[in-house]
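K.L.:
With the hints as your guide, set chain Z onto chain L.
Single-letter residue listing:
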Amino acid sequence: RKEVEQDPGPFNVPEGATVAFNCTYSNSASQSFFWYRQDCRKEPKLLMSVYSSGNEDGRFTAQLNRASQYISLLIRDSKLSDSATYLCVVIFSGSARQLTFGSGTQLTVLP
Amino acid sequence: ETGVTQSPTHLIKTRGQQVTLRCSSQSGHNTVSWYQQALGQGPQFIFQYYREEENGRGNFPPRFSGLQFPNYSSELNVNALELDDSALYLCASSLDRGKGELFFGEGSRLTVL
Chain L
414 RKEVEQDPGP
424 FNVPEGATVA
434 FNCTYSNSAS
444 QSFFWYRQDC
454 RKEPKLLMSV
464 YSSGNEDGRF
474 TAQLNRASQY
484 ISLLIRDSKL
494 SDSATYLCVV
504 IFSGSARQLT
514 FGSGTQLTVL
524 P
Chain Z
68 ETGVTQSPTH
78 LIKTRGQQVT
88 LRCSSQSGHN
98 TVSWYQQALG
108 QGPQFIFQYY
118 REEENGRGNF
128 PPRFSGLQFP
138 NYSSELNVNA
148 LELDDSALYL
158 CASSLDRGKG
168 ELFFGEGSRL
178 TVL
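Quick note, the sequences are listed as chains L and Z, same order. Under my numbering, the final residue of the first sequence carries the number 524; numbering is consecutive throughout. Under my numbering, the final residue of the second sequence carries the number 180; numbering is consecutive throughout.
Extracted from the complex, chain L is given alone in its bound form:
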């Protein structure tokens, strides 16, 4: 079983739609959580950190449920420019702060 699992998609949604991505992680001794965005053939870039209390950045909302070992990302009012692969990332305790990535969920926002 992979340490970080995501639904690979692809998700094809119309502009303006709300879309949610889920991610589960296997190790309860986990330290930090993030969502990264990766455009086609480019490097990953940090989208947002995920906090236990949940956090929001504009149209993006991230949630963490430590008891269920579950992370989510909600995108409201999707834009064409949101089309990308979204990577769930966990830093496990004692791991020299190495990022453990999920395989990514591909999103395409259609006009």
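The reader is advised that the hints may include incorrect statements.
Here are some chain Z residues pointing at chain L (derived, C-beta under 8 Å) [as the list claims (entries may be wrong)]:
| hint | residue |
| --- | --- |
| 1 | Gln108 |
| 2 | Gly109 |
| 3 | Pro110 |
| 4 | Gly123 |
| 5 | Asn126 |
| 6 | Ala154 |
| 7 | Leu157 |
| 8 | Glu168 |
| 9 | Leu169 |
| 10 | Gly172 |
| 11 | Glu173 |
Derived from the structure by calculation, the hints contain no laboratory data. If you're wondering where the values come from, they're calculated on a predicted model, not measured in any experiment. Virtual Cβ for every residue (Gly too), placed ideally from N, Cα, C.
P.N.:
Chain Z alone, transformed into the frame defined by chain L:
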């Protein structure tokens, strides 16, 4: 841009050859991490260097080795290349063993034939 530069951007090698990939970290960053990203997968941690010493290693064989120089730039060396080594190799720089955000370079895309 992130200020992290990698070279070469693309290269083609044959099975059994050796390759060296290079990374210049963002100014002031003393930690460099290397990741391998196969097609359709998320990046996988290879190793991290902090102040010229290896500071953690993922599940990669010894033929993957690295160096960090006094100016904090870094090299990734892969010996005895295998077809499965074909991937995007990403370098990420950060402060102090990864505290805070990691900044990725655009990667070196390696094809092994």
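K.L.:
Against this structure, judge whether each hint is valid.
P.N.:
Tested hints:
1. Checking Gln108/Z against chain L by beta carbon gives a least distance of about 5 Å; that is within 8 Å, so the hint holds.
2. Given hint, Gly109/Z at the interface with chain L, holds; its Cβ is 3 Å from that chain's nearest Cβ, closer than 8 Å.
3. For the restraint placing Pro110/Z at the interface with chain L, the shortest Cβ-Cβ distance is roughly 5 Å, inside the 8 Å limit, so the hint holds.
4. A least Cβ separation of about 3 Å between Gly123/Z and chain L falls short of the 8 Å threshold, and the interface hint therefore holds.
5. Given the 8 Å rule on beta carbons, the hint for Asn126/Z is violated: about 11 Å separates it from the nearest Cβ of chain L.
6. Checking Ala154/Z against chain L by beta carbon gives a least distance of about 13 Å; that is not within 8 Å, so the hint is violated.
7. About 6 Å separates the beta-carbon of Leu157/Z from the nearest beta-carbon of chain L, less than 8 Å, and the hint is met.
8. A cut of 8 Å between beta carbons decides the hint on Glu168/Z: the least distance to chain L is about 6 Å, and the hint holds.
9. Because the closest C-beta pair between Leu169/Z and chain L is about 7 Å apart, less than 8 Å, the hint holds.
10. Using the Cβ-Cβ criterion of 8 Å, the hint placing Gly172/Z at the interface with chain L is satisfied: the shortest such distance is roughly 6 Å.
11. Because the smallest distance between the Cβ of Glu173/Z and any Cβ of chain L comes to about 5 Å, under 8 Å, the interface hint for this residue holds.
Of the numbered hints stated above, those contradicted by the structure are hints 5, 6, listed in ascending order.
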